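If you're matching them up, the sequences are chains A and B in order. With the numbering used here, the residue at position 125 of the first sequence is 125, and numbering never jumps. With the numbering used here, the residue at position 273 of the second sequence is 273, and numbering never jumps.
Please keep in mind that the hints were generated in silico from the structure rather than gathered at the bench. Among the hints, a few may not be true.
If you anchor each label on the Cβ, the simulated ranges turn out as follows [claimed, not checked]:
hint: 1; chain 1: A; residue 1: Tyr261; chain 2: B; residue 2: Gly21; range: 48 to 56 Å
hint: 2; chain 1: A; residue 1: Gly369; chain 2: B; residue 2: Ile136; range: 33 to 41 Å
hint: 3; chain 1: B; residue 1: Ala202; chain 2: A; residue 2: Asp310; range: 39 to 47 Å
hint: 4; chain 1: B; residue 1: Asn226; chain 2: A; residue 2: Ala134; range: 30 to 38 Å
hint: 5; chain 1: A; residue 1: Ser397; chain 2: B; residue 2: Arg39; range: 47 to 55 Å
hint: 6; chain 1: B; residue 1: Thr20; chain 2: A; residue 2: Leu371; range: 24 to 32 Å
hint: 7; chain 1: B; residue 1: Glu116; chain 2: A; residue 2: Leu371; range: 36 to 44 Å
hint: 8; chain 1: A; residue 1: Leu394; chain 2: B; residue 2: Arg39; range: 23 to 31 Å
hint: 9; chain 1: A; residue 1: Gln197; chain 2: B; residue 2: Ala269; range: 29 to 37 Å
hint: 10; chain 1: A; residue 1: Asp310; chain 2: B; residue 2: Asn232; range: 35 to 43 Å
All figures in this text were calculated on a predicted structure; none of them were measured in a lab. Glycine included, C-beta positions come from ideal geometry on N, C-alpha and C.
Read off the chains here:
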Amino acid sequence: MSIGNIFEIGKRSLLSHQAAINLTAGNIANINKAGYIRRRVDLNALTAGLPQLGKMGLTLRGNEIVRVRQRLAENQLWLEYQDLGKYESSSTILSQLEEVFAEPTEAGLSNVLNEFWNAWNDLANEPESTANRAIVRDRAVVLGNTFNRIHSDYKSSQVQIQSEITDTVNSINHLLNQIGSINKQITQSNSMDLLDQRDQMITELSKQLNIKVVEKENGEVTISTDGLILVSGAQVNTLSASFSTEGDFSQVTISIDNINYEPNIRSGALAGIVEIHNEVIPDTMKKLDELARTLAARVNEVHRQGANLDDISGINFFAGDVTGADNFRLNEAIINDPGLIATKAVGEGNGSSSMALAIADLRMENFVGSLSPNDFYTSIMSQLGSVVQENDFLLESQTMIVQQLENQKQAISGVSLDEEMTRMMQYEQAYEAAAKVIDTVDGLVQTLLQMT
Amino acid sequence: MRALQGNRSNMAFLQRAIATGKKLHTASDGPVSFSRARRFSNMLSQNEQFLRNIQDAQGWVDATSSKLDLIVGLLMDAADIAKRGADGNIDADIRESLGNKVDGLLDEMLSLANDEHIGRKVFAGSETKSGNPFSINGSNIIYSGNTDPINRKISEQHTISININGQQLLDTGMFTAMINLRDALLTDDTASISGSIDEIDAAKEKVLNIATTLASVSNNLDLAMNRIEAVNVNLNKYISDEEDVDLAEALTKYEAEEIAYKAALQSAAKIMNLSILDYMR
Chain A
1 MSIGNIFEIG KRSLLSHQAA INLTAGNIAN INKAGYIRRR VDLNALTAGL PQLGKMGLTL
61 RGNEIVRVRQ RLAENQLWLE YQDLGKYESS STILSQLEEV FAEPTEAGLS NVLNEFWNAW
121 NDLANEPEST ANRAIVRDRA VVLGNTFNRI HSDYKSSQVQ IQSEITDTVN SINHLLNQIG
181 SINKQITQSN SMDLLDQRDQ MITELSKQLN IKVVEKENGE VTISTDGLIL VSGAQVNTLS
241 ASFSTEGDFS QVTISIDNIN YEPNIRSGAL AGIVEIHNEV IPDTMKKLDE LARTLAARVN
301 EVHRQGANLD DISGINFFAG DVTGADNFRL NEAIINDPGL IATKAVGEGN GSSSMALAIA
361 DLRMENFVGS LSPNDFYTSI MSQLGSVVQE NDFLLESQTM IVQQLENQKQ AISGVSLDEE
421 MTRMMQYEQA YEAAAKVIDT VDGLVQTLLQ MT
Chain B
1 MRALQGNRSN MAFLQRAIAT GKKLHTASDG PVSFSRARRF SNMLSQNEQF LRNIQDAQGW
61 VDATSSKLDL IVGLLMDAAD IAKRGADGNI DADIRESLGN KVDGLLDEML SLANDEHIGR
121 KVFAGSETKS GNPFSINGSN IIYSGNTDPI NRKISEQHTI SININGQQLL DTGMFTAMIN
181 LRDALLTDDT ASISGSIDEI DAAKEKVLNI ATTLASVSNN LDLAMNRIEA VNVNLNKYIS
241 DEEDVDLAEA LTKYEAEEIA YKAALQSAAK IMNLSILDYM R
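Full structure from sequences and hints, please.
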């Protein structure tokens, strides 16, 4: 046991506690930084390598600095963020899509359709009137415009989503590239800040699409989706989105470059908007198209059998080539001359309203897929409403789940001002004590020197 | 913080409900309630149309009834004249003037039969705009209308016809009776005059029968209207149940949320004030 050893202990203590205070200061400085994981000094290695206290020779061992991670909460979070991302991205767009229908206001198709049937009834009450015919034509024009508007609004929503999809894919690729480059850097220098950054990026990525994260011992991370590699070491496979048209609407496919494979994107913000783009929008519009088509066909069928006041019959009421909500419109001839509107059967007097009544009765006929036109439309609306409601509910509960996990993570990894300040005091006192030790040793040496 | 946000969004929802009086704004607020409310609305709209149809029908039926009443009056006048004409004590000149009187009654009967209701011929079947359905040529009465019914839909299951067509009038024999009486008076044919009295009475009976059937049509219309109006009251109530907000309930909830919000704000402020730095020297 030599005096030198005591010096050594004092010196190590000073340096170590100085480093500890450094670290604590760093923690406090980063208290508000997102994704920052608290650092802690493991001071157990302080006196290793010294005789009497250890078996090895004198070696300067670095202190262990530990990133205090809560691995379980982190991995869970990466999983739960995916669903949260999906519900979040879907929520706004779905509400928007619902509002296009403008229910239950006067401008909604429900009301417009009722007004259309009412106009036929009023015409049936006075079939000789030209004024009532004009009203029927006008209400039918409004009906056509409403169908057209809804269809075109949905189409432009789809275009809007297309640019959102492209943006999301771009930001995903950006994140992938960054993670890849960090992977490369980490093998060379084990910086904690780099790790913090990388974890933050993985969190961001997990909000965008469904990923699986595997961490290797050398600090590298492998990210895959649906079993296909996106990042492995420094190798990055980016995503790309390609659009194609199917009928009236477009479809998007996401594929991985280099492998040319289409992964099953089932979660994350990307999944939300892709699903709305590829499924919700076209499906809703298909149903609307069915309503428009069958309505036009059935009304025409009855109308053709009727005659107007001049005994002209066989005229279509709606255009004969209506295939859906976008080209739903009146027969040009009727727009120009509402007098062609049929109200009676051929051969009856002009006071007869048999045909007008027959058309008004279609309101209650179940000719759209076993439902009446109004009921069919209501079912479209309530189905969409259910989708929106379910998404909102899931969003709320998922937000709570994520919040809870974040709390768990923060409890361990978060910086608490009180804790750090207390430690600061401890390290300061230890520093003072270490300085005292050196002072004491100095005193011993002095005493020794004075002996000669 | 999150609890505060949740609080605020609850308050926003209640505020909106109180301001608009509705708790159902879009289908997503409650898809099942929404579709129920929609169906009720559709039924309501349909019923209101039926009420309009019934009103229109009532107008037509009332107009027809009042004309029939007047016709019956004319027939009764004719019967009186016939009885006077059948009296053996009067001479041909008086009979002639009586005959002219009957001619006048006939003209009036004709104009009643050719009358309109809001610009449409009442007794012409479905030829409502094609000029007078009845015309007289010497001693012949000619009907140029048809026998089509005029129908109105008064409920989902019921269509009723609301008109009396000219053929039915012809069949009562009222015109022939009048014409025969006039001709008999003008030609001083006492035997035929007595025969006319019975003819006119028979015609009057038949016209009264028609008036009775019309009265029961009017009755049906009234019943239908009452029934639909009662149903509408219920429909309105159902729709309100689904869509409207109970103000008292909403206001109370809002107050509660506000209090909770204030408490949360206060405690958040308190917590943020506590820090160990205050206690270190």
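Verification of the hints:
1. A:Tyr261 / B:Gly21: 48 to 56 Å: Given range 48 to 56 Å: holds, Cβ gap about 55 Å.
2. A:Gly369 / B:Ile136: 33 to 41 Å: violated (59 Å)
3. B:Ala202 / A:Asp310: 39 to 47 Å: holds (42 Å)
4. B:Asn226 / A:Ala134: 30 to 38 Å: holds (33 Å)
5. A:Ser397 / B:Arg39: 47 to 55 Å: violated (31 Å)
6. B:Thr20 / A:Leu371: 24 to 32 Å: Holds, at about 30 Å.
7. B:Glu116 / A:Leu371: 36 to 44 Å: holds (43 Å)
8. A:Leu394 / B:Arg39: 23 to 31 Å: holds (28 Å)
9. A:Gln197 / B:Ala269: 29 to 37 Å: At 34 Å between Cβs, range holds.
10. A:Asp310 / B:Asn232: 35 to 43 Å: With a Cβ separation near 39 Å, Asp310 (chain A) and Asn232 (chain B) satisfy 35 to 43 Å, so the hint holds.
When each numbered hint is compared with the structure, violations occur for hints 2 and 5.
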